[in-house]
Amino acid sequence: MSATAGARRRTALARFWREYRRNRAGVTGGVILVVAVLLAVLTPLITDPAGLDVTRATGAKMAGPSLEFPLGTDESGRSVLLMVLWGSRVSLLIGFMSALLSMVIGTMTGIAAGHFRGWFGAVLMRITDWFLVLPQLVLALVLGAILGGGVSTIILAIGVTSWATTARLIRAQTLAVEARPYIERSKALGAGHWHIMTRHVLPNVAPLVLANTTLSVASAIVAESTLAFLGAGSGEVSWGGLLRGSYDWGAATSGAWWYILAPGLCIVAVVMAFTLCGRALEAVLNPRLRGVPR
Amino acid sequence: MTLLEARDLHVGFASHGRRARAVDGVNLAVGEGEIVALVGESGCGKTTLARTLLGLERPTSGSVLYGGAPLAYSSRALKAYRREVQLVLQDPMGSLNPRHTVYEAVAEGPRIHRLTGERELVAEALSRAGLRPPERFLDSFPHQLSGGQRQRVVIAGALALNPRLLIADEPVASLDASVRGEILALLLRLRADLGLSALVVTHDLGLAWNIADRVAVMYLGRIVETGPVEQVLTAPSHPYTQALLSVLPESPAPVILAGEPPDATRVPGGCRFHPRCQVLAGGAAAEAGVDSACRSQALTVLPASPEAHTACHYAAR
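Heads up: the sequence lines are chains Y and L, in that order.
Going letter by letter, the first sequence gives residues 8 to 301 in the working numbering.
Going letter by letter, the second sequence gives residues 12 to 328 in the working numbering.
It is possible that some hints are incorrect.
As the list claims (entries may be wrong) - For each label pair, taking beta carbons as the anchor points, the in silico distance ranges come out as:
id : chain 1 : residue 1 : chain 2 : residue 2 : range
1  : L       : Glu-129   : Y       : Trp-24    : 56 to 64 angstroms
2  : Y       : Val-42    : L       : Ser-138   : 50 to 58 angstroms
3  : L       : Lys-90    : Y       : Leu-237   : 51 to 59 angstroms
4  : Y       : Ala-19    : L       : Lys-90    : 30 to 38 angstroms
5  : L       : Ala-184   : Y       : Arg-17    : 37 to 45 angstroms
6  : Y       : Asp-136   : L       : Thr-71    : 27 to 35 angstroms
7  : L       : Arg-147   : Y       : Trp-24    : 23 to 31 angstroms
8  : L       : Arg-110   : Y       : Val-130   : 26 to 34 angstroms
9  : L       : Pro-109   : Y       : Gly-199   : 17 to 25 angstroms
Claimed, not checked - A few chain Y positions that, by computed beta-carbon distances, are all more than 12 angstroms from chain L:
id : residue
10 : Ala-43
11 : Asp-55
12 : Thr-65
13 : Val-111
14 : Leu-131
15 : Val-184
16 : Ile-190
17 : Leu-196
18 : Asn-211
19 : Gly-242
20 : Val-278
Claimed, not checked - The calculated lysine to any residue pairs, modelled on SDA-like cross-linking and capped at a C-alpha distance of 25 angstroms, are:
id : chain 1 : residue 1 : chain 2 : residue 2
21 : L       : Lys-90    : Y       : Thr-205
22 : L       : Lys-90    : L       : Gly-79
23 : Y       : Lys-194   : L       : Pro-314
24 : L       : Lys-90    : Y       : Glu-191
25 : L       : Lys-90    : L       : Thr-71
26 : Y       : Lys-194   : L       : Ala-80
27 : Y       : Lys-194   : L       : Leu-156
28 : Y       : Lys-68    : Y       : Asp-55
29 : Y       : Lys-194   : Y       : Ala-119
30 : Y       : Lys-194   : L       : Ala-254
31 : L       : Lys-90    : Y       : His-200
32 : Y       : Lys-194   : L       : Leu-310
33 : L       : Lys-90    : Y       : Ile-203
34 : Y       : Lys-194   : L       : Pro-81
35 : Y       : Lys-68    : Y       : Glu-191
36 : Y       : Lys-194   : L       : Ser-53
37 : Y       : Lys-194   : L       : Gly-105
38 : Y       : Lys-194   : Y       : Leu-131
39 : Y       : Lys-194   : L       : Asp-224
It is worth saying that the hints were derived from the structure and are not from the lab.
Ideal Cβ placement from N, Cα and C applies to all residues, glycine included.
Construct all of the structure, not just a fragment, from the sequences and the given hints.
Here's what the structure looks like:
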């Protein structure tokens, strides 16, 4: 029984991979992501964090790209390449964790709101609507200011403010699943709310959740950069923080293009890679989009 | 011995701002080891009645009695009730989760009720439902099975809880003619082997004839004629039953019912069948002197006793 179930899972996975591989944009995004994550993970092994310390910076101020500093230096003579590498760790961590947090909140709220149709579901949806119309950035700024700086604060601020669209999406899918006759059969078999939500609804919305999480990592990274640029950062070196630094020290007017472009292009590349992956996942996992020419 | 009984049951819904009386005063009993057919056209309230008997819908008034005791609607009481009374739906493809294997679908009931010996229960239920050997089907998905096999899986899922009564809502309506007979034979065999009672909801009089001991004909939320199947189907006394039977192929003169199809939000006064009644329209009711009663005098709700009863002024004259 379990052996055949395992074999079935393997063939399903193989089929998924075959479909995914046909999606060229998705594969490109995947490659970029793997490289970015590998670099972020390996950064402590291949570089020395001492170079991030302003007091121990060795380069000239705002020096252009050279052999010693391939991406130039910042206002205190630190290597921009080194900071971009270390910044990727914070940016990716915040992106992943806050997307995860927002997916957990969004999925639970969406399933609960779709399952409990009465006043409870209505109250949940009004709360969701409230988060939906609230300017997300302002709310995250306020949360960041109240809770104080730090990586976990930023994760919390972004995660708590970005789950509303997910909740709406999951609720719609939950309503569609719950209209199926097998839910009626399950109820007649004696199933309670928990059984129906975890055994029937959750497996049905899981592919949607996965695709959506990938997409929301991208927006979480943008949100983190924006918050850092606005000065509500985590205090650690991140891509948004680098952009903030380049703005503060007038990199644009002094012609230090490397200081702006390096973190900026990193953000663009990673966000695009996540979006490509998310779209590809959506297309592969959603049978209704399968085979639609792109 | 009565197993399941509906006593003066009313179920209503709000429908487009109006009140739909889907079930409007029904007495119905299913005895132990008995198969009762509930017959009626679409929209007459028979599915609502079945859902209410299962406790999936709450009556607006009246009560459902199981083993003589009124059904309690606490979640614990309902869960216990569901080990006794099980449901088989019309569309076996829709009533199985496409992501679950046959094993998981049949084991769902035992898992919910935390029964021990899950594997044995599943294998036994599958072979009882005619899927032999059960091992051949355990890892199949619903889409790999035929329609008849799927319906057997649904029935096995119900049997795994060892119920005393099956409520089957159009159990063969979506199946091929060749498979229908097999599923019906299965229901009869389950009755013979396990003493399983059944309430079969159907629009198909032939099905009722083949399987049921008793038949109840429903029209617009009420049972209009009830009795032993031979009596009701060979000598129908209600004009509606007569009209239903007259359109069977072997019948000499079909009666085509005139007028609008019934609407549960607008139940006519008097006899609720009178706007479409061929006996009233043909003048026979006027000859018998009951036409004014047909139009204005409401009929009493039929009792749940096993003898034949008809809710008709003309038949009762």
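How the hints compare with the structure:
Between L:Glu-129 and Y:Trp-24 the Cβ separation comes to about 33 angstroms, which falls outside the hinted range of 56 to 64 angstroms. At about 56 angstroms, the beta-carbon gap between Y:Val-42 and L:Ser-138 stays in the expected band of 50 to 58 angstroms. Checked against the hint of 51 to 59 angstroms, the pair L:Lys-90 and Y:Leu-237 passes, with Cβ atoms roughly 54 angstroms apart. Distance hint check for Y:Ala-19 and L:Lys-90: the Cβ-Cβ separation is about 33 angstroms, which falls inside the suggested range of 30 to 38 angstroms.
Restraint check, L:Ala-184 to Y:Arg-17: a C-beta distance of roughly 39 angstroms satisfies the suggested window 37 to 45 angstroms. About 33 angstroms separates the C-beta atoms of Y:Asp-136 and L:Thr-71, a value consistent with the hinted range of 27 to 35 angstroms. Look at L:Arg-147 against Y:Trp-24: about 30 angstroms separates their beta carbons, and that is inside 23 to 31 angstroms. Checked against the hint of 26 to 34 angstroms, the C-beta distance between L:Arg-110 and Y:Val-130 comes to roughly 31 angstroms, which is consistent with it.
Checked against the hint of 17 to 25 angstroms, the C-beta distance between L:Pro-109 and Y:Gly-199 comes to roughly 22 angstroms, which is consistent with it. Y:Ala-43, annotated as away from the interface, keeps every beta carbon of chain L farther than 12 angstroms; the closest lies near 33 angstroms. Annotated as non-interface, Y:Asp-55 keeps its C-beta farther than 12 angstroms from every C-beta of chain L; the closest such distance is 51 angstroms. At roughly 59 angstroms from the closest C-beta of chain L, the C-beta of Y:Thr-65 stays outside 12 angstroms, upholding its exclusion from the interface.
No Cβ of chain L approaches the Cβ of Y:Val-111 within 12 angstroms, the least distance being about 22 angstroms, so the stated non-interface status holds. Against chain L, the non-interface label of Y:Leu-131 holds: every CB pair exceeds 12 angstroms, the least being about 21 angstroms. At roughly 9 angstroms, the least C-beta separation between Y:Val-184 and chain L is not larger than 12 angstroms, which violates its mark as non-interface. Against chain L, the non-interface label of Y:Ile-190 is violated: not every CB pair exceeds 12 angstroms, the least being about 9 angstroms.
Interface exclusion of Y:Leu-196 from chain L breaks down, the closest Cβ pair being 4 angstroms apart, not more than 12 angstroms. A Cβ of chain L approaches the Cβ of Y:Asn-211 within 12 angstroms, the least distance being about 7 angstroms, so the stated non-interface status is violated. Chain L leaves Y:Gly-242 outside its interface by the beta-carbon criterion, the shortest separation being 46 angstroms against a cut-off of 12 angstroms. Distance to chain L confirms Y:Val-278 as a non-interface residue, since its nearest Cβ pair spans about 33 angstroms, more than 12 angstroms.
The hinted pair formed by L:Lys-90 and Y:Thr-205 meets the criterion: a straight-line CA distance of about 18 angstroms does not exceed 25 angstroms. The straight-line distance between the Cα atoms of L:Lys-90 and L:Gly-79 is roughly 18 angstroms, inside the 25 angstroms bound, and the hint therefore holds. Note on Y:Lys-194 and L:Pro-314: the hinted pairing is violated, with a Cα-Cα distance of about 30 angstroms set against a maximum of 25 angstroms. Distance hint between L:Lys-90 and Y:Glu-191 is fulfilled; the C-alpha atoms sit about 14 angstroms from each other, no more than 25 angstroms.
Among the hinted pairs, L:Lys-90 with L:Thr-71 is consistent with the structure: their alpha-carbon atoms are about 21 angstroms apart, no more than 25 angstroms. A C-alpha spacing of about 22 angstroms is found between Y:Lys-194 and L:Ala-80, which places the hinted pair at or below 25 angstroms, so the restraint holds. Restraint check for Y:Lys-194 and L:Leu-156: satisfied, since their Cα atoms lie roughly 23 angstroms apart, inside the 25 angstroms limit. Annotation: proposed proximity of Y:Lys-68 to Y:Asp-55 holds, straight-line Cα distance about 20 angstroms (limit 25 angstroms).
Restraint check for Y:Lys-194 and Y:Ala-119: satisfied, since their Cα atoms lie roughly 17 angstroms apart, inside the 25 angstroms limit. For the proposed pair Y:Lys-194 and L:Ala-254, the alpha carbon gap of about 37 angstroms is over 25 angstroms, so the pair is violated. Simply put, L:Lys-90 and Y:His-200 have alpha-carbon atoms about 12 angstroms apart, close enough for the 25 angstroms limit, and the pair holds. A distance of roughly 36 angstroms separates the Cα atoms of Y:Lys-194 and L:Leu-310; the hinted pair therefore is violated under the 25 angstroms criterion.
Note on L:Lys-90 and Y:Ile-203: the hinted pairing holds, with a Cα-Cα distance of about 14 angstroms set against a maximum of 25 angstroms. Restraint check for Y:Lys-194 and L:Pro-81: satisfied, since their Cα atoms lie roughly 20 angstroms apart, inside the 25 angstroms limit. Distance check on the hinted pair: Y:Lys-68 and Y:Glu-191 sit about 70 angstroms apart at the alpha-carbon level, beyond 25 angstroms; violated. Proposed proximity of Y:Lys-194 and L:Ser-53 is supported: the alpha carbons are some 24 angstroms apart, at most 25 angstroms.
A hinted pair counts as satisfied when its Cα atoms are at most 25 angstroms apart, and Y:Lys-194 with L:Gly-105 qualifies at roughly 14 angstroms. Taken as a hint, the Y:Lys-194 and Y:Leu-131 pair is honoured in the structure, with Cα atoms around 23 angstroms apart against an allowance of 25 angstroms. For the hint pairing Y:Lys-194 with L:Asp-224, the CA-to-CA distance comes to about 29 angstroms; that exceeds 25 angstroms, so the pair is violated.
In summary, the structure is inconsistent with hints 1, 15, 16, 17, 18, 23, 30, 32, 35, 39 from the numbered list given earlier, while agreeing with the others.
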